[in-house]
Amino acid sequence: MAIVVKRINANRQWYLWGILSGMGFTFGKMFKNLFNKKKMPTLNYPEEKYEYGPRFKGSHILTVKKDGSLRCTACMLCATNCPADCITIVASEHEDPEVEKYPINYEIDVLRCVYCGFCEEACPVDAIRMGPEWQTAGANGSNFSYDIKELARRPALKGGIESRLDDKERHSQGI
Amino acid sequence: MEVKLLTEHYDDKSFQGIEGYKAKGGYEVLKKAFKMKPQEIIDEVKASGLRGRGGAGFPTGMKWGFLPKNDETRYLLCNADEGEPGTFKDRKMMERAPHQLIEGMIISSFAINSPKSYIYIRGEYNESTAILRKAIDEAYAAGMLGKNIMGSGFDHDLDLYVGAGAYICGEETGMISSLEGKKGQPKLKPPFPAVQGYLSKPTIVNNVETLAAVKYIIRDGAEAYKKHGTEKSCGTKLFSVSGNVQKPCTVEVPLGYSLMDLIELCGGLKPGRKLKAVIPGGSSAPVLTAEECVDAKMDYEDLAAKGSMLGSGAVIIIDDSNCMVDLLNVIMHFYHHESCGQCTPCREGTGWLEKMVKRIVTGEGRLDDIDLVLKVANQMKGRTICALSDAAALPAISFVEKFKKEFEYFVREGKSMVTSKGAPAHA
Amino acid sequence: MLKCTINGKEVEVKEGTTIIEAYKEMQEDIAHYCWHPGLSIAGVCRLCVVEIEGNPRLQIACNTEVRDGMVISNVSDKVEEAVRWGLDFHLINHPLDCPICDQAGECGLQEQYMKYGQYDSSMAENKVKKRKVVDLGPKIVLDAERCILCSRCVRFTEEISKTNELGIFNRGDHSMIGTVKDKPLDNDYSVNTVDICPVGALTSKDFRFQQRVWYLENTATTCPGCSTGCSVSVYHNKEGAYRVKPREDKENNGYWMCDEGRNVYKFVNKEARLLSAKTLNSGKLSSVRLAQALEDFTSFNREGKKVGVLLTGQNTTEEYKAILEMFAGADFFHWKNNEEKFNDFDGLLKRGDKNPNTNGLIETISNLKDAKSFNASNYDLTVAVMPENFLVYEDYNEKLESLKASKNLLLFSAAKLPKMELKTENTWVFPLKTFVEKEGSYLNHAKTERRIQKATSIVTEAVALNEFAAAVSRGLKININHHESRKQNEFTNIPGQY
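Each protein sequence line maps, in turn, to chains A, B and C.
Position 55, counted from 1, in the first sequence is what my numbering calls 55; the numbers after and before it change by one each time, with no gaps.
Position 413, counted from 1, in the second sequence is what my numbering calls 413; the numbers after and before it change by one each time, with no gaps.
Position 487, counted from 1, in the third sequence is what my numbering calls 487; the numbers after and before it change by one each time, with no gaps.
Since the hints were derived computationally from the structure, they do not count as laboratory data.
Incorrect hints may have been included.
Sample of chain C residues at the chain B side, in silico, Cβ under 8 Å [claimed, not checked]:
#, residue
1, L39
2, G43
3, C45
4, G86
5, F89
6, L96
7, L149
8, K181
9, T298
DSS-like cross-link-like pairs, simulated, lysine-lysine; straight-line CA separation at most 30 Å [said to hold, decoys possible]:
#, chain 1, residue 1, chain 2, residue 2
10, C, K399, C, K423
11, B, K375, C, K14
12, C, K14, B, K189
13, B, K355, C, K399
Owing to the predicted nature of the structure, the values given are computational and were not obtained by experimental measurement.
Where a beta carbon is used, it is the ideal one built from N, C-alpha and C, also for glycine.
Build out the structure end to end from the sequences listed, making use of the hints.
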């Protein structure tokens, strides 16, 4: 295979013109942004944060019932539907026969998660939602395995998000 | 005109006891029967065209003919579990003429060669039970029951079994289950009871009235019995007429009697009232409108042609002061309460029907419910082991189809078209 | 033989065949809940309706016998409408709590709904409330709301276990199965009621909430619990086995198995198992790689050594053959757990001999001695094969203890071993494969061959005795295929579930 060697003419070998035009562009933008900050597209992360739309699929939230316990019934439909296979649930028998089944462990490996939202769609009881948070930094691997405490009771949720579907209400309606 | 065959001595108090009964020619027919061969009796009953008076109207002689021709022990059961709403003819028979039934049962048992028979009586019939029990004791004392009856060499025992008040035990296989000590639930057919019934032995189940009629067929002969009634519906029938008539009662008329005449026989409607509908055969029979009643004849064929049935002969007269929606609600409540819960369509369907009709009556119905009642009822029809499902479905279908306007009015206005449930809408 | 036409196809069936049996025979689909081939006919679910030419009424297939020349169909519009409504009647009072119901995935209601249903319920009224999470007995939980009252379980206790614990109480849509005064449902065959329950009304406490069934694969094999050798299916995933269910086998176990046999999956899972090979290293047993342990053993010179082999009836015939060949001339001892009970039989399935292959051992190795006369110190090399289901061996610990007297010990065990202080010269411990990890055959009480089939690999380091013998004779090269693709033969062809 032949190698094409690009020969640069004498005019071009002198880089000054290129440097000047580059600096012109840079400084042009700099001054433009200095005097018209609002039009600047870049954000000063982490001081400034981007606001995504309300339908953004960010960090998972496990919703809670009125009494503060987990809404999740451990049906494992989310885990079944998950294309990344990142949800692990261990179910157990609840002492209240009306609840019957609940998760004693619910883990999402967010490094494997593709944030597709299929779990949210599979959930029959509005127990898992994709929240607005999107900053998932961590220092090591274990920080990325979210458990119930993280998913349902992290400080950002301010005591838990209440599920829209309540069993007691459904039962009283005869469903 | 009334024909008093079975009811001839109803008004005579002494007829209850064996002395009075004998004075009026009681147990004479039994003597005659013992002189006949069992097969002759069966042939006589067959020739009389007697049909089951309990509801289904199955030819009695033919039923007896289904018994296997061998020496296996067989049983005769008398169905006195008269649970059909509106029926009270058997009760009166057991109270006024208990020996008539006992004699008919001994004759029938002799015909089918049964050593033991039972009367399965409805749990609520305390008075009838006491009278029957006394009558059976008398019969035993007089040698009409027990070993070697009247020197004929025929042994027969008769026992009374009191049910616990379940409607479903009036169904023959349900009754057999109950008699066996099991939960009163109908059994799957085939095998039919005539082949495998009580204690898995061949069993014949007949209504009180049927068995009593056997006595008169043997007394007068098949030809004489056939003179009453129509060609296909022979003999006389007891009708329990109730509802909005002046004089609700049991009357005996030949089959094929006009329905309007029957109403007149019971004193007619209350003054100023118009006939609205008639349930001709107990609450499980489809209702007839006033127009259909005009030329209705009380026999198996004519009522079947009109889409209803003779059933147990419980004629419920409904005049224009009644709300059909409310009536259906009562009927549906009854069948929901009495469904044995074995077959799914009946167990769930009867409850569903009641809930829907109840919702209409409480003024929360939807127009769709009216069609849904029809759909559900149609799917319950003929889908179960016994006929209870049909018994709930048929009135529901006929009420809704024939009185749809009343149902629609109730749904739209939230009140009845007729009764005080809301102001009467029309004069 | 009778000729009839079913869904347009002409078939011949034996006299006395019911229509539903004819459908099953020709593997045509027919919906049904209450009918079960091992039980009497109830005829209550009314789902198996068929249209018979010349009969205006739909008939139920389970209680109608085929007559010559019958033309039967269950694919007509009339039948399908009846089945759809029949299903709706079943569902109107059903709680539809599939997400928390263990039966989801193998539920009769779900199956028929996907076929005939797929609509929203038209019932707007409140559902009937019944008891939930009723503790029926030590093994079973009842949910009366889910129950469709098919009465299979009631008929099972009446006809098969003959214990009559269950009954249907109340009537109409308030009917509920239950036991008298909540007396426990506790018999040796009670969990069969869970298997035959077409819905999630009866659930097994042992399996409750352990796994969703769609995560499990099943493999047709034989129960090693006793010498009956019932045909069973083992349900497993990559983590291990979760439950054992009976498989239809008319000659051997019919449709049932005993409750004790359902526990056989428990000793195959990792937590109960010996996970790696071990050798004696400066007086202490320490884990080594399988290949190294094999090499270690092979380098041991067996020439002229007196060998004693201790065996139980819990291995396959193939393994016995291999071990017989490998240690030809050795003394073989048969370790029996409860010999006096070997001929016990409860009249249904359970036998006293809790080893699946006692007959295989006796037939394969002719000069067996009773293990009571076994003394490890008499031999230069003691070979001991510990039973995989050690719980049925009361003298398990004593035997293990007696092995300490061996000069050289070759020990095979599937189960985890307690800490042992050994004074032997050499000890090699090999993890043994359990019945779910190997193929082979058992000879049951009637001396009929029962095959076991490999379901999964749970302990990757484990060997079967025949694999071990082959590896040693080949000279170290062990080639154990853990991911062999499952062979398709008539054995893996599982007949339909009822």
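Status of the hint placing K181/C at chain B (closest C-beta pair under 8 Å): Hint violated; K181/C Cβ to chain B Cβ min 17 Å, cut 8 Å.
Given G86/C was flagged as interface, is its beta-carbon under 8 Å from a beta-carbon of chain B? 6 Å, holds
Quick check on the hint: L149/C CB to chain B CB, less than 8 Å? 7 Å, holds
Are K355/B and K399/C close enough, with their CA atoms no more than 30 Å apart? Violated, at about 70 Å.
Against chain B, with CB atoms and a cut of 8 Å, does the hint on T298/C hold up? Result: violated, 67 Å to nearest chain B Cβ.
Can you verify the interface hint for L39/C: is its Cβ closer than 8 Å to any Cβ in chain B? 13 Å, violated
Agreement of hint F89/C with chain B interface, Cβ distance less than 8 Å: 4 Å, holds
Hint C45/C vs chain B: min CB-CB distance below 8 Å? With a closest approach of 6 Å, the C45/C hint holds.
Hint check: is the beta carbon of G43/C less than 8 Å from a beta carbon of chain B? 4 Å, holds
Is the straight-line distance between the alpha-carbon of K399/C and that of K423/C 30 Å or less? Given pair K399/C, K423/C holds - Cα atoms ~16 Å apart, limit 30 Å.
Agreement of K14/C and K189/B with the hint, judged by alpha carbon distance not exceeding 30 Å: Status holds; Cα separation ~22 Å.
Can you confirm whether the C-alpha distance between K375/B and K14/C stays at or below 30 Å? With a Cα-Cα distance of about 39 Å, the restraint between K375/B and K14/C is violated, given a limit of 30 Å.
Violated hints, listed in ascending order, are 1, 6, 8, 9, 11, 13; each of the other numbered hints is respected by the structure.
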